[in-house]
Each structure stands twice: as structure tokens, then as C-alpha cells.
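As a plain string of letters, each chain reads:
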Amino acid sequence: MTAHASVRAAAGEPAGGTAPGTVIETTALTKRYPGQVIALDELTVSVASGITGLVGANGAGKSTLIKILLGLLPATKGRASVLGHDCERGGEQIRALTGYMPEHDCLLPDVTATEFVTHLGRISGLPPTAAKERAAESLRHVGLYEERYRQIGTYSTGMKQRVKLAQALVGDPRLLLLDEPTIGLDPAGRASMLELIGRIGADFGISIIVASHLLGELEQICDHIVAVEAGKLLRADTITSFTQASQVLIIEVEEGTARLLEELTRRGLGPRPQDRAVLVRLADETTYDAVRDAVADLGLPLNRMERRRHRIEELFRDDQAEPSEMTGAADAR
Amino acid sequence: MPADVASPGPAAAPGPLGPSAQGPGVPVAASGVIHDLGYRRYDGKRLGRAQIARALCWHSLRSAFGIGRGVKAKIVPVITFGIMCLPAIINAVAVAVSTSHARIIPYDTYVPALRVLVMTVFIAAQAPELVSRDLRSHVLPLYFARPLRRIDYPLAKLAAFVIACLIMIEIPLLLLYIGTVMQAHGLSAIWAQTRALTPGLLVGLMWAAVLAAIGLVLASFSGRRAYATGAIAIFFFLTWTLARLLSHIAERVGHAVPVHGGPVVFKAAGTIPAGVHLAGLISPFTVLDGVREWLGGTSSGIIPDPGGYGVTYGLMLLVLLGASIGALIGRYQKVGIA
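If you read the protein sequences in the order shown, they are chains A and B.
One point on numbering: in this note's numbering, the residue at position 251 of the first sequence is 251, and numbering is uninterrupted.
One point on numbering: in this note's numbering, the residue at position 48 of the second sequence is 48, and numbering is uninterrupted.
Derived by calculation from the structure, the hints in this document are not laboratory data.
A couple of the hints might just be wrong.
To be verified - Straight-line alpha carbon distances no greater than 27 angstroms define the calculated BS3-like cross-link-like pairs of lysine-lysine that follow:
| hint | chain 1 | residue 1 | chain 2 | residue 2 |
| --- | --- | --- | --- | --- |
| 1 | B | K74 | A | K77 |
| 2 | B | K45 | A | K132 |
| 3 | A | K132 | A | K160 |
| 4 | A | K77 | B | K334 |
| 5 | A | K132 | B | K74 |
| 6 | A | K232 | A | K132 |
| 7 | B | K72 | A | K132 |
Please read all numbers here as calculations on a predicted model, not as lab measurements.
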């Protein structure tokens, strides 16, 4: 309650620093569309500052939640507030403090990135000169400084995603709502987009909500995770509690994985291969010694030996980190 | 002295152009690589909703004439504007060379057929530029996620397009006025021209408001430029043709078509059947012209005097304007944000 009050005070004067505390708060938030479709079902969640992942399958209610948070859609029941402003009544104040990056393509192909972002900076309420300066700066932050005078239509998918991020950033928001920011990107593009988001959250002092259906991505950058399913809150927690250490040892060798597997089987450790690594159930401290001895006996170059962490994919599974069940913990995409 | 004229280039360039004004002399980021040069908060002034709407209006007005876009976007506005100004220029020449120095084109109607044609082309080509583009590229979520309210977007676009149409209609009238006044002798002659111009400008305002509203609402229903342009062109031409056709038929038949059962009032001139009058209610252009005549327009326009139906034309004008603006606002209440 006190944390909430301090956010309210800070949000009153936008020039103030980021208040540590609650950024988003919802109470029994429910959204029912005509035809009895329930998009959000009694969702009560409190999001602290930092980077928060909003996880859920397609249709879990992520986009509906974002629209309600921006004050663009009235809730059927319940309350929501963003940066201390009520979503129903304070939509304009919220939108002045929030940058939104939609999931879908939303760029004009026949204008330059500079023109586009400058124009949207004006619509965010910046005076003409400030809009120009901040557009250049936003494009620099997302790594498009050199290409900023090119027409957006000539950009690659990755560059377009960055323009979308730059336009969300141009108004100097206190909060960014990013809807599926890595959609359509190749693995390299995805990694650099995530790195960029991580940097904005950590170095720029801007709180970020990243909605995604890819759990593996959020693991890399988020401080907190809010998981929703069918409009209901599945779990909300810090990332560390989601990915606490498990009782599985992962071993990676430079070469001779097959021989290592054989040797470990001989020593009765019941190893399982995973990609290029080997998983072994961690019984007690002696397991470490046994593995070390096996590797040493074979004279293999050891790259890695550590306790494997839970992947947040396992959130949605009943089983908990049995080696026999873990072979398919690949990314959803 | 000549050295002075040549030198300002290098002297003036570094100041306003260099990005150094905003960063402490930082190196430019290499292509595609993200360099963290520190994030700077914005502590300056922020504009309110009304000022943001004005910025959107200004931006839209510029795009109505292709300003800030490529050369291709300027072709239609420049050509249509040029054609629209031609009669005024011809008038200026005629006034200058004739002995009577009399104006050859009326202010209240200008050149009716030309105005109908040019405005149809201008609106069909440029209304989609203002609204269909944003729909097509799904830019609206970006607007609505900003402090603007839903109603602000269509109203800003409408204001911009009304101003654009005013420029198309009123500037030729002003040229007509200037071309005439330049040859006028005496203050009384100038005053007479000014008095004659004023109703013309008001008629132009009526034209701009009605045509812009109809054009925008038609364009706002399609994200595809070609469809939007086609819909607008077909609507304006079809109703225009139909109005004239029905008017002709009614005249041929020569009988008054009884409507509303009310008394049919003919003007002194006599035998114009009611159908001729009422046919004009079909097209926005003929409605506008009917209202002009009802309000006391003196020149013979594109339809016969509406006679006792003047009020009907006035109401029709209000209905057209109200329905178009209402539909336009309604359109943007519904359009999705994501």
C-alpha cells in the first residue's frame, strides 16, 4: 500500500525519478466480450518496476490486458492502474507516460524512419524541435542512426522492429509495453532485440512489460514473470524463483560425447544425451566426483559441468525436472 | 563583397546541422551496431491534447498537397490546383486587355463545370492520402496509444482536409479578385469587387466543408487507395450525372412531379416542373449550387433556381454534412487498435 502511494506521488510529477515500486496493479480485472467470450477472468496482479515478462499462449488475454492498461478498452469488472493512474479515468495521463509497441506491422513504408518517428514524437506531445532531437536519439539507441534517412519500406524485418521500438521510446516514457517484440525475427535478430530491450530496462531506467508466447526469451531479460492462461493468472513471481537450480547436472565436453555417455552408463549414473550435452541426475556430492573421474579417465576436454536450471517452459508442465522427461525442453519455436 | 557571399556555407553549417547539440561530442554509431551512449531524459515542455491535434492537422494538411512526400505525391495536387487557377489567370489577362476592364467570371460560381471536375479529382486522389494510408499500414494503434482521444483523429483530419479544399477553391477566387482589382479605377470599384467576392468566399467555404467531409468518410472505409479513390470518384460523378439526367428528363416530361403533397411554388419565370428542382438533391454539387441560389446567388449555376425548394436544399446540405461527419467520427470509434 505504501509502495503504491509513492508511485502515485512520483507519477504526479513526470520529471521525478523512477519510483521503485508498483508500476501496474490490477484487481479482479475481468473483460467479457459480447458473446460471452471471457478474455480476462478476475486477474489480480501487481507488477513492480523493472522488466516483466507477460507470458501466455496466443489468446490468453495479453493483448486485451494491454488495451485495458492503455485506457483504450473499458474493463467489464475490476480495476486497473498504471503508474498510479486509474485506467478508466486516467487513460490520457497513462498514454502520455507509456510507450507502446504493437505486435503487428504498423509502419508507413514510404517515409523515412526519421520522419516517421519525429511525427509520432509530435503526437506524443513533444514540440517540433524536441521531437526531431528525440527521434534521432531514439533511432540511435535502437541502432538505426546510419539508416535513419532511408524509407522504412526498404528495411529488413529486424530493422522495422527497431523502428517500432524507437517510436515507443521517442516520447521518453516511464513504461514500455512491448507486444511480441521478437515476432518474425531470425535467431540472431531475436537475440539482439532482446539484448536491446534488456539494455533499455537496465540502463535507461524505463520499466518494461514484454508480452510473449516464447518463454525461453523472457528468461534471458526479465526480472519478473507474469504468466496468464485463459485470462487467469497462472503465476507471478521473480525470474529466479522460476528458474531455481534443479537436481540435474549438465556436462558438456569438447569432443567424445558418445564415449562419455558410454563411460557414465558403465558407472551406473544413467546419463541422457541432450543436444551436445549430457544430463545426469544429481544424487549427492559423489556424483560430481564420479563424473569428474569419468571425464579424466577418458582424457576428454571438459567445457562445462553445472547444475542445470529449470527452464520456465516447465511452468506449464506437471513433471518437475526428471532427467527422463527433459530431453525435449526445446524452445517453442 | 563577392567573397562574403560565397563564404557563409562553411561558417553556418556546423551550428544547426551537427548532432553535437544534443550529445557531448559522441562518435556516431556504426551501422547496425548498438552503442550505448547514455539515455537522456526529456524534461522539456509537453503539449496538451489540443496542441497535439493541431500538430496532426498541420501534418495532414501538408500531406494533402504532397508536401514532405516524394515528387509523385505532388503531381495531382499541383496539376489540379494549376487547372483551377487557369480561369483566374485568363480573367486577369482579359480584364487587362479589354477596354471595359470588366470581370468575365462570377465569384459565386467561378467556372461551375471545371470546379466540379477538378474538385472531384482532387478529393478522389487526396482524401485517401489522409486516411486510407494510415488504415492500410495499421498506424492507428500508434496514434491511439498516445494522449489523443479517438475523436481527435477524425476531427484533425477533417479540419486539415477542409482547409486543403479551401485552398483549392478560395485561392483561385482571390486571384480572380486581384486580377480584376488591379485594373479597377477608384476605390468604389475596388469596394464593389470586394463586396461581390465575399459571398463567393462563403460559397467556397460551404463547398470545402461538404466535399471534404464526404470525401474523407468514403476514403475511411477502405485501406486500399485505389478502392477509396474509385469509390469517391464514382460517388461524385454518378450522383452528378444522375442529378443532371433526372433534371433533363423532368424537364422533357414537362409536368410537375408532386412531392410531399405540398403546394408547388413556381418562380415568376414560370414553367419549371418540380422534378427539375428536386433532381438536384441527389448530388452534393447540385445541393451546394441550390443552396447558393436559395441564399441569393445571382449567377446562373449548374442547376436551375430551386425556387420554393430552397429550404429543402438547405436541409439537405445540413444532412449531408452532419451524416458525413457523424459517420467519420463513428468510423474511428470502432476501428481496432491492435
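Notebook entry, point to check: Any of the earlier hints contradicted here, and which numbers?
Noted result: 1 and 6
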